[in-house]
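Chains as they are written, first to last, in this note's numbering: chain A, 89 to 404; chain B, 14 to 316.
Among the clues, some could well be false.
Here are the simulated DSSO-like pairs of lysine-lysine, each with C-alpha atoms no more than 30 Å apart in a straight line [what the hints assert, rightly or not]:
no., chain 1, residue 1, chain 2, residue 2
1, B, Lys143, A, Lys402
2, B, Lys225, B, Lys144
3, B, Lys144, A, Lys400
Here are some, though not all, of the chain B residues that point toward chain A, as calculated from beta-carbon distances under 10 Å [claimed, not checked]:
no., residue
4, Leu49
5, Val78
6, Gln146
7, Phe155
8, Leu167
9, Arg170
10, Ile194
11, Phe297
12, Tyr299
13, Arg315
Hint data in this document are derived by calculation from the structure and do not stem from the laboratory. Since this is a predicted model, take the numbers as computed values, not measurements. All C-beta atoms in this analysis are idealised placements derived from N, C-alpha and C, irrespective of residue type, glycine included.
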Amino acid sequence: MSSPVHLSTGRPGQEAPATPPAPGRTSRLSDRGLAVAFISPALLLLLAMSVFPLLWALYLSFTDYSATRGDAPQFVWFGNYTAILTSAQVHLRALTTLIYVVGAVGLQTLLGFTIAYLISRRTRGRGLLTTLFLVPMMLSPVVVGLFWRFMLDAQFGVINSMLGSLGLGQVEWLTRQRTALISLIVVDTWQWTPFIMLIALAGLTAVPKYLYEAASIDRASEWFRFRTITLPLVWPLLLIAVLFRAIEAFRLFDLVYILTSGGPGVSTETLSFHVYKVAFLGFNTGTASAYGILMVLVVIVLTQLYLRYLSKLKED
Amino acid sequence: MAVSVNEAVSPGPVQDHPPPARRSSGRGRAMLEVALLTVLAVVMLFPVLWMIETSIKENRDVYAVPAKFFDFEVTLDHYRDVFIASGGGRSALSVSFLNSVIVAGVSTVLATVLGVPAAWAYSRFTLRAKKDQLFFILSTRFMPPVVVVVPIFLMYRYVGLIDTALGLILIYTAFNVPFTIWMMKGFVDEVPAEYEDAAMLDGYTRLQAFRKFTLPLLVPGIAATAVFALIFSWNEFVFAIFLTSSENVRTAPPAIAGLIGGTTVDWGLVAASSVVFALPVLIFAYLVRKHLVAGVTLGAVRR
Chain A
89 MSSPVHLSTG
99 RPGQEAPATP
109 PAPGRTSRLS
119 DRGLAVAFIS
129 PALLLLLAMS
139 VFPLLWALYL
149 SFTDYSATRG
159 DAPQFVWFGN
169 YTAILTSAQV
179 HLRALTTLIY
189 VVGAVGLQTL
199 LGFTIAYLIS
209 RRTRGRGLLT
219 TLFLVPMMLS
229 PVVVGLFWRF
239 MLDAQFGVIN
249 SMLGSLGLGQ
259 VEWLTRQRTA
269 LISLIVVDTW
279 QWTPFIMLIA
289 LAGLTAVPKY
299 LYEAASIDRA
309 SEWFRFRTIT
319 LPLVWPLLLI
329 AVLFRAIEAF
339 RLFDLVYILT
349 SGGPGVSTET
359 LSFHVYKVAF
369 LGFNTGTASA
379 YGILMVLVVI
389 VLTQLYLRYL
399 SKLKED
Chain B
14 MAVSVNEAVS
24 PGPVQDHPPP
34 ARRSSGRGRA
44 MLEVALLTVL
54 AVVMLFPVLW
64 MIETSIKENR
74 DVYAVPAKFF
84 DFEVTLDHYR
94 DVFIASGGGR
104 SALSVSFLNS
114 VIVAGVSTVL
124 ATVLGVPAAW
134 AYSRFTLRAK
144 KDQLFFILST
154 RFMPPVVVVV
164 PIFLMYRYVG
174 LIDTALGLIL
184 IYTAFNVPFT
194 IWMMKGFVDE
204 VPAEYEDAAM
214 LDGYTRLQAF
224 RKFTLPLLVP
234 GIAATAVFAL
244 IFSWNEFVFA
254 IFLTSSENVR
264 TAPPAIAGLI
274 GGTTVDWGLV
284 AASSVVFALP
294 VLIFAYLVRK
304 HLVAGVTLGA
314 VRR
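Let's have the full structure, built from the sequences with the hints guiding it.
Now the structure itself:
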C-alpha cells in the first residue's frame with residue numbers, strides 16, 4: 089500500500105506465460121466474493137462458539153434456570169442481577185479480585201520494567217538473559233500452580249526450608265487467610281513479570297540512540313534522561329502491556345483453582361472462582377449467567393480501553 | 014545495543030572525556046547492575062530448577078526437611094511412572110499426553126486453515142467497518158473462560174459433545190482463530206500487495222496470485238503463528254477440566270492437576286510429568302523467540 093513503485097521487479101511470475109487474459113470488470117466483484125468466502129468461515133465459528141453462548145447466557149441470566157433441575161426456566165427478569173449487585177459476598181469477592189489485580193499487575197510492572205531496563209543497559213549476553221527470564225511465562229498455569237504449591241508447602245516446602253536455615257520462622261503460606269492472597273500475588277508475579285519485561289524491552293530497544301547522544305552532549309543527568317526520553321517513549325507500550333495483564337488477571341481462574349481453591353475460607357476467592365462455584369457447585373445456572381454477564385461487561389470496558397490505546401499506538 | 018550509554022562494560026580501553034573518578038563510579042554501578050540482574054535471574058529460575066531437581070530425586074529426598082539441594086540420590090523412576098503404569102502397560106498420564114497432542118494439533122491446523130485466508134482478506138480488501146470487525150474478533154478472545162464455559166457446557170450437553178475430543182477441538186479452534194487472524198494480518202501486511210497486483214496484470218486471478226505468490230512468502234509467519242496456537246491449546250486448562258471427565262478423553266493439564274487430588278501426593282511424579290509437559294513448550298517457544306512480543310500479545314503489538 090505504501091509504495092506503488094516497484095511493480096516490475098522480476099517476481100517468479102515469468103516462467104509460465106500460458107495464462108488467461110486479465111478479466112477487467114469482474115475482478116472487483118470476485119474480490120468481494122473472495123473476501124466473503126475467506127472471512128465468513130472464521131466469523132461463523134466465532135459466532136457459534138463465542139457470541140451464541142454469550143447470548144444464551146444473557147437469556148439464562150433473566151431466568152431461574154438450574155442445570156441439574158429438569159424443569160423449564162422461569163423468567164425472573166432482573167432478579168439475578170439485583171441479587172448479585174447487592175450481595176455482600178460478591179462485594180467481598182470484588183474486593184479480593186481488586187487487591188489481587190492491582191497487587192499482581194503493579195508488582196509485575198515494577199519488576200518487569202526494572203529487569204528490562206537493566207537488561208537494555210547490558211551490551212553482552214542480552215539474548216541469553218532475555219531467554220532465561222522468559223521461561224516462567226511459557227509454562228502452563230497448571231504447572232506453575234502445582235509447583236508453587238509444592239514449594240510453599242508448610243511442612244516440606246523448599247521456601248520454608250530456606251527460611252528455616254536463615255533462622256526465620258515458618259510461614260503457612262497457603263493455609264492462612266492473610267498469606268494465601270499474598271502467595272497468589274507472588275506466584276502470578278513470578279509467572280508474568282517476564283511478560284511486562286518482554287514488552288518493556290521491546291520499547292526500550294526502540295528508543296533511538298541519537299536522543300541519548302544529544303542528551304549526553306547537553307550533559308543531562310541520568311535521571312533527567314530517563315524521565316524525559318526513556319519513560320515517555322516506552323510508556324505507551326508499557327500501558328498496553330499493563331492493560332493486557334489487567335484483563336488477564338481479572339479473568340484468571342486456573343491458578344486460583346490449583347493453588348488455593350479459593351481458600352482458606354474465601355480469602356482467595358476471586359470473581360472468576362466465585363462464578364465457578366455458583367455455576368458448578370451450586371448449580372444456580374441463572375444466577376451464574378447473570379454474574380458472568382456482569383464480568384463480561386467489565387472485560388468489555390477494559391478491552392475497549394486496551395484497543396483504543398492500541399490503535400492510538402499504531403497510528404503514531 | 015541501543016540504550017547502553019557510555020558505560021565501561023567492555024574491558025577495552027575507554028579513553029575519551031569521562032574523568033577517571035567518574036569512570037570508576039560507572040564501573041561500580043555496572044557491577045551493581047550485573048549483581049542485581051543475577052539475583053533476579055536466580056529468583057526467576059529457581060522454581061524451574063527445583064522442579065527439574067525434584068523430578069530426579071528419590072522419594073525420601075523429595076520430602077527431606079531441610080530440603081536437599083545437592084546431595085540427593087538420582088533416579089529416573091518418576092519419569093518411568095509418567096509413561097508406564099505400575100502394573101505395566103500405558104499409564105493414564107501417557108494417554109492424556111497423547112490426547113493433548115491430538116487436540117492441540119488438530120485445533121491448531123483448523124485455526125490456521127480458517128485464520129490465514131481471513132487474515133489475508135482483512136489485509137488486502139477494503140471492507141465495511143473493517144476495524145470494528147477486527148476489534149470484535151480480538152475481543153472474543155478476552156472473554157473470561159469460566160463465564161463462557163457455562164453456556165458452552167449446556168450447549169455441548171444438548172448436542173452430545175461433552176467429554177469428547179471434538180468438543181475440545183472446536184472450542185480451542187474458536188479461541189485460536191482470533192489470535193491467528195491478528196498475528197497473520199501483521200505478516201500479510203508485510204508482504205507488498207504490489208506482488209499480487211503484478212501477478213494479476215500477468216493474467217492470474219486474485220486467488221491464484223494469493224496462492225502462488227503471497228502464500229509461499231507467508232510460510233515462516235504461518236509456522237510461527239501455528240506454534241503459538243499450539244502452545245495456547247497445549248497449556249489450556251479451564252475448558253479441558255469442565256468439558257471432559259473420562260480418562261481416555263482428558264488432556265494432560267487436568268490429568269496432571271488430578272495427581273494432587275488424593276490424600277498423599279507423589280510430588281516426584283507431579284514434577285516429572287510437569288517437566289515432560291513443559292519441555293515441548295519451551296523448545297517451541299525458543300524456536301519462535303523472534304515473534305514472542307507479537308505472539309504473547311495475541312498479535313496486537315508488533316515491533
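Checked hints:
A hinted pair counts as satisfied when its Cα atoms are at most 30 Å apart, and Lys143/B with Lys402/A qualifies at roughly 15 Å. Proximity of Lys225/B to Lys144/B is assessed by CA-CA distance (about 28 Å); at most 30 Å being required, the pair is judged to hold. For the suggested pair Lys144/B and Lys400/A, the alpha carbons sit about 13 Å apart, so the restraint of at most 30 Å is met. Of the supplied interface hints, the one on Leu49/B holds, with its beta-carbon coming within about 6 Å of a beta-carbon of chain A, less than 10 Å.
The restraint placing Val78/B at the interface with chain A holds, with a minimum CB-CB distance near 5 Å, inside the 10 Å limit. Annotation: interface hint on Gln146/B holds; nearest CB of chain A at approximately 8 Å, less than 10 Å. Interface restraint check for Phe155/B: the shortest CB-CB distance to chain A comes to about 5 Å, inside 10 Å, so the restraint holds. Here the hint on Leu167/B is kept, as its CB sits about 6 Å from the closest CB of chain A, short of 10 Å.
The interface hint given for Arg170/B is met, as the beta carbon of that residue sits about 8 Å from the closest beta carbon of chain A, less than 10 Å. Evaluation of the Ile194/B hint against chain A yields a held restraint, the C-beta minimum of about 6 Å falling below 10 Å. Hint on Phe297/B holds. Least Cβ distance to chain A is approximately 8 Å, under the 10 Å limit. The restraint placing Tyr299/B at the interface with chain A holds, with a minimum CB-CB distance near 7 Å, inside the 10 Å limit.
Because the smallest distance between the Cβ of Arg315/B and any Cβ of chain A comes to about 9 Å, under 10 Å, the interface hint for this residue holds.
Violated hints are absent here; each numbered hint is respected by the structure.
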